[in-house]
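Colleague: Protein chains in written order, with my numbering: chain A, 1 to 244; chain B, 1001 to 1236.
Accuracy of the hints is not assured; some may be wrong.
Label-pair restraints from in silico Cβ distances [to be verified]:
hint, chain 1, residue 1, chain 2, residue 2, range
1, A, Q13, B, L1083, 55 to 65 Å
2, A, V213, B, Y1189, 22 to 32 Å
3, A, E220, B, P1130, 52 to 62 Å
4, A, P184, B, E1162, 49 to 59 Å
Covered by chain B, per the in silico footprint, the following chain A stretches (three or more residues, Cβ under 8 Å) [unchecked claim]:
hint, region
5, 84–96
6, 99–113
To be clear, the hints were calculated from the coordinates, so they are not data collected in a lab. Quick caveat: nothing in here was measured; it's all calculated off a predicted structure. Yeah, the Cβ is synthetic: ideal placement off N, Cα and C, and Gly gets one too.
Each chain is listed here by its residues.
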Amino acid sequence: MTPLIEVHDLHFQYEDGTQALDGVTFSLQPGETVALFGANGSGKTTFVLHLNGILEGQGSVAVCGMPVIKENLTAVRSKIGMVFQDSDEQLFMPTVREDVAFGPLNQGLTPEQAVARAKVALEQVGMTHTLDKAPYHLSAGEKRRVALAGVLAMEPEILVLDEPTTFLDPPAQRNLLHLLQGLPQAKLIVTHDTRFAAALATRAVFFDRGKLVADGDVEEIVRHFDWTYPVLPEDLRYSAQRRF
Amino acid sequence: MHHVLVDRWSRGTSRLHARDPRAKILAVVAFLIVLATTPPHAAVPLMIYTVLLLAGILIAGLPVGSVALRGMAVLPFSLTFGLISWLAGDALRAQALVEKSYLSAVAVLLLAGTTPLPLLLQGLEALGTPRFLVMVTQFLYRYLFVISEQAQHFRLAAACREGAHKKHRRMRFRGAAGALAVLFARSYYRAEGIHRAMLARSFSGRFGVLGGLHFRASDLLFTLAIGMFLIVVRVQ
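With the sequences and hints as input, model every part of the structure.
Modeller: As structure tokens, this is what we get:
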């Protein structure tokens, strides 16, 4: 079976000389959900920005069998939907309807088709009622859902989510988790939230200083790199009975 | 915030709200031209223009006091030029300058308060405004909220750390200047992020338009009626 994403020996250096990616090799199979772990600045986001040609490094990147080169960018970007960490950067149109229809219009659909796609995508994320609202009137959780709808409206085969739980309160995180569990696309999730990843991912990889240093089961990776939030000892936890 | 209020006004359902944005833009342009060319001593036409605007505000169901108050935003500028004219010995011109600029501001406010920004921009584009200008306005309006929110965070953070320097205006000024520089840099990075998000959704340099403007016979009638009325008032 052709992998949905195939990356071989990818290198990338920023203009200031920072070696952000150093020989990354990776593949994503249909139906998989892979969590990308690693410290801040380890190269996770830089890596995903190569998948739709926003950044261009040395090495080979292919999406759905198509090499990510200038000639293929329109087709590649239709296959891979990216939900960015900051929804405010993604929701730039004046209304939700126009924002969600932005991608389909760029794909060459007619305005009527684009609006129909937008409505279906908003229904998928449970945000139909915001169709004519301005994005700045939405809460953080709603913005994240609408941003996801903007990507789903393009009917991608792969979803890439960069820190999807950032800025979300626990109920909004739960809602997002349920929503993502119900989506059929293969997913790549850049996250620090190991519980969120464990609930979604079938596999995890670990980035360290631009290298992909581990690839395996989520629990195993989390345990191996001790990639968990600290559990406070009993005496340091808040207690309503404690007298200060 | 000021523009949030205007945004809320623009979502109304009056007959004026229902007019095609192009009809309203043309009517306001006609109003501004007629107003600008009215002689300073023509008190009656100026009164009629005021009544016309008042009627528009009432038909649109906008709060008269609030619109009148917000129209005063131009007064600091027009009063300055008015003062210069007055000092130069032309009191009539000074008065007309202030009156005309104020009425112009109210007219534009009436247009913005009865037309949601996306439709207004669409109307401007349909009337030949360069697309680039429309896009810049659209982005400016959208991210004004985000940037002002960041500025408020800066102000809060600065207030929390003012401490002993609270009374030192110079220190506060330096802090504000630094915050402005950081805000500028952040805006630049945000612009980069937005561009990436646009590229990720297959943006190729041209914005697609969903359509939705319908110039009906009633819109034509509206534009002609306003135009004719203004011309009659002007030439009388």
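Colleague: So, for every hint listed, does it hold in this structure?
Modeller: Evaluation of the provided hints:
Taking the beta carbon of each, Q13 (chain A) and L1083 (chain B) are about 59 Å apart, inside 55 to 65 Å as hinted. One distance hint, 22 to 32 Å for the beta-carbon pair V213 (chain A) and Y1189 (chain B), holds here, with the actual separation near 29 Å. Hint check: E220 (chain A) to P1130 (chain B), Cβ distance near 57 Å, so the stated range 52 to 62 Å holds. At about 54 Å, the beta-carbon gap between P184 (chain A) and E1162 (chain B) stays in the expected band of 49 to 59 Å.
Counting residues of the region 84–96 of chain A whose CB lies closer than 8 Å to any CB of chain B gives 9, which reaches the minimum of 3, so the coverage claim holds. With 7 residues carrying a beta carbon less than 8 Å from a beta carbon of chain B, the region 99–113 of chain A meets the three-residue requirement, and the given coverage holds.
Comparing the model with each numbered hint stated earlier shows that all of them hold.
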